[in-house]
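These protein sequences, in sequence, are chains A and B.
With the numbering used here, the residue at position 90 of the first sequence is 90, and numbering never jumps.
With the numbering used here, the residue at position 135 of the second sequence is 135, and numbering never jumps.
Derived from the structure by calculation, the hints contain no laboratory data.
Mixed in with the good hints, there may be bad ones.
Unchecked claim - Here are some, though not all, of the chain B residues that point toward chain A, as calculated from beta-carbon distances under 7 Å:
hint : residue
1    : I56
2    : H87
3    : G144
Because the structure is a prediction, the values reported are computed rather than measured.
Cβ atoms here follow ideal geometry from the backbone N, Cα and C, with glycine treated the same way.
There are 2 protein chains.
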Amino acid sequence: MPHTRYDVLGIGNAIVDVLARCQDQFLTDNNLAKGHMRLIDTAEADSLYEVMGPAIEVSGGSAANSMAGLASFGGNAAFIGKVANDHLGDVFGHDLRAAGVTYQTEAASKEGRQPTARCMILVTPDGERTMNTFLGTSVELGVGELDQQMIKDARITYLEGYLFDPQEAKEAFVEAARIAGEAGRKVALSLSDGFCVDRHRATFRALIKSGIDILFANEDEILSLYETGDFDEACNLARAECDLVAITRGSVGSVILTSDERILVPAEPVNEVVDTTGAGDLYAAGFLFGYAKEFELAKCGQLAALAASEIISHMGARPEHNLRDLAVQKGLLEA
Amino acid sequence: MPHTRYDVLGIGNAIVDVLARCQDQFLTDNNLAKGHMRLIDTAEADSLYEVMGPAIEVSGGSAANSMAGLASFGGNAAFIGKVANDHLGDVFGHDLRAAGVTYQTEAASKEGRQPTARCMILVTPDGERTMNTFLGTSVELGVGELDQQMIKDARITYLEGYLFDPQEAKEAFVEAARIAGEAGRKVALSLSDGFCVDRHRATFRALIKSGIDILFANEDEILSLYETGDFDEACNLARAECDLVAITRGSVGSVILTSDERILVPAEPVNEVVDTTGAGDLYAAGFLFGYAKEFELAKCGQLAALAASEIISHMGARPEHNLRDLAVQKGLLEA
Numbered sequence: 001m002p003h004t005r006y007d008v009l010g011i012g013n014a015i016v017d018v019l020a021r022c023q024d025q026f027l028t029d030n031n032l033a034k035g036h037m038r039l040i041d042t043a044e045a046d047s048l049y050e051v052m053g054p055a056i057e058v059s060g061g062s063a064a065n066s067m068a069g070l071a072s073f074g075g076n077a078a079f080i081g082k083v084a085n086d087h088l089g090d091v092f093g094h095d096l097r098a099a100g101v102t103y104q105t106e107a108a109s110k111e112g113r114q115p116t117a118r119c120m121i122l123v124t125p126d127g128e129r130t131m132n133t134f135l136g137t138s139v140e141l142g143v144g145e146l147d148q149q150m151i152k153d154a155r156i157t158y159l160e161g162y163l164f165d166p167q168e169a170k171e172a173f174v175e176a177a178r179i180a181g182e183a184g185r186k187v188a189l190s191l192s193d194g195f196c197v198d199r200h201r202a203t204f205r206a207l208i209k210s211g212i213d214i215l216f217a218n219e220d221e222i223l224s225l226y227e228t229g230d231f232d233e234a235c236n237l238a239r240a241e242c243d244l245v246a247i248t249r250g251s252v253g254s255v256i257l258t259s260d261e262r263i264l265v266p267a268e269p270v271n272e273v274v275d276t277t278g279a280g281d282l283y284a285a286g287f288l289f290g291y292a293k294e295f296e297l298a299k300c301g302q303l304a305a306l307a308a309s310e311i312i313s314h315m316g317a318r319p320e321h322n323l324r325d326l327a328v329q330k331g332l333l334e335a
Numbered sequence: 001m002p003h004t005r006y007d008v009l010g011i012g013n014a015i016v017d018v019l020a021r022c023q024d025q026f027l028t029d030n031n032l033a034k035g036h037m038r039l040i041d042t043a044e045a046d047s048l049y050e051v052m053g054p055a056i057e058v059s060g061g062s063a064a065n066s067m068a069g070l071a072s073f074g075g076n077a078a079f080i081g082k083v084a085n086d087h088l089g090d091v092f093g094h095d096l097r098a099a100g101v102t103y104q105t106e107a108a109s110k111e112g113r114q115p116t117a118r119c120m121i122l123v124t125p126d127g128e129r130t131m132n133t134f135l136g137t138s139v140e141l142g143v144g145e146l147d148q149q150m151i152k153d154a155r156i157t158y159l160e161g162y163l164f165d166p167q168e169a170k171e172a173f174v175e176a177a178r179i180a181g182e183a184g185r186k187v188a189l190s191l192s193d194g195f196c197v198d199r200h201r202a203t204f205r206a207l208i209k210s211g212i213d214i215l216f217a218n219e220d221e222i223l224s225l226y227e228t229g230d231f232d233e234a235c236n237l238a239r240a241e242c243d244l245v246a247i248t249r250g251s252v253g254s255v256i257l258t259s260d261e262r263i264l265v266p267a268e269p270v271n272e273v274v275d276t277t278g279a280g281d282l283y284a285a286g287f288l289f290g291y292a293k294e295f296e297l298a299k300c301g302q303l304a305a306l307a308a309s310e311i312i313s314h315m316g317a318r319p320e321h322n323l324r325d326l327a328v329q330k331g332l333l334e335a
């Protein structure tokens, strides 16, 4: 690949996570679909916060988590996403830059604008996370926010499917994919969430056929995309439309598909699944790091599995351990 | 003991912790004394935040952590401490109330007042925490903030030594101890930090002799209090001045002292010491819960050790697991 300033540029919603533990009954009582992400407004955000348990706050956002993970592997990462000029916006910016990610998107500061996005995440005793996102100022990410040079300077532009929810961000998403494609760069997409796929299936399908080089999905999302209950069928439809597809299946591991390969990657074992928040994001981080370094696909998958295993061993979706160190310990990278 | 509304009322600085991992070299480079707490001003808070790594935010404050722990055991806990009417103040109040602690202290809201206190905590690879506290509006906790009826209604009033740093809070501290004593209630004190003892040794000594029933300290603090390097000597001086003394010694366990008893309590083993923040606070939580329930001192120590082991197994000083459930699993409490 030609020389580039960034291995990967992530574009996504700029969110701070508010994570609390709860029993499964809490999800039932509050009509929350376990394992999914739903969008909430200010009133719902306030009422849910009122009833949820003691929380911790950790910077999040799907693509932002992936970029923090990529930087932790030693990759050169950048991020575009919109915060407000408030406490959570400061926290988000600090954490991303402190992780070593280039982040220059201007914070929204005008009066009357929305606050920084937050996601209230309920973690059940099995470690599964259920997400409630107040998008706040994230919806203000528009085409004007895209740094065209940054996109051209990135080997891979990585887009989260959640960006399809706010209309302006969706337009920015499509434009970013166009710019990257025209510059001869790779474009990667994460499907993000089964319900999100439900909301935007046709557009996702069209985009995948026309302009996505690398597709990330979990089992639920790929089944939803192709409206089938047959995993193998979904896999074959995906590989027919996209050059490279990586599908995660939780503790079963993941499968990497090209037109002529099907690589099974086992999950990295963990002592305890504490919180699955960010598992897919960190899988993408490891995979994209390996891909940008032109490693074999099987090794990309192993790095992905390793990063996912770190993130599910603690609360929050940002790595607590240096991923390069872990990869060196595992013999996946040289010291 | 007579019937009371609260098992324990904690009075302390109301703080949100900002926790980041770092290498030991970072402490050296920034002149930070490992394992200690230092007070910083706004400028230092800003410059330290600028250079520290990606962080997580978790409600903290020594006595507040203890009260959250006490509530997690199923105890009836209350807290008095001052936040500002800002984002971190909301977070602190939410987390404490969501933990089941009665917390009614009015937030400071006047223009130009200080923001809510925060503590920037650096966690080194060995799990040791080094704390940098910006006291903010905590210093505005005064005698007027004390709910006298609440103090009279609490079996034990628990005071953190850190309250001695702000002058107004120190006066509130002494007044609270007086009210509790006059009402025939117990008064407990944590020495908090070796440097804090250094700053206020004479006052601490006088107070312990005159009005403290239960004293918590770690080895460093008790040696500092009595200006000796001899642990046994410090123990004997403490037990001569105070009815009940509990001294923690990290992985060595703890020792509980009365005029005629010396009970050694082993530390509860953990897989990995992730972050020692709150170890002493949660030790006090378990101990005070047992004491309020009139358990034998050895069992108070075991509950204390159990709570400390939970808190050092993850980042942050608020329990992530229900302590009553853990104690039931260990056979220390009945289901």
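Review point. Are there hints from earlier that the structure breaks, and if so, what are their numbers?
Key: 3
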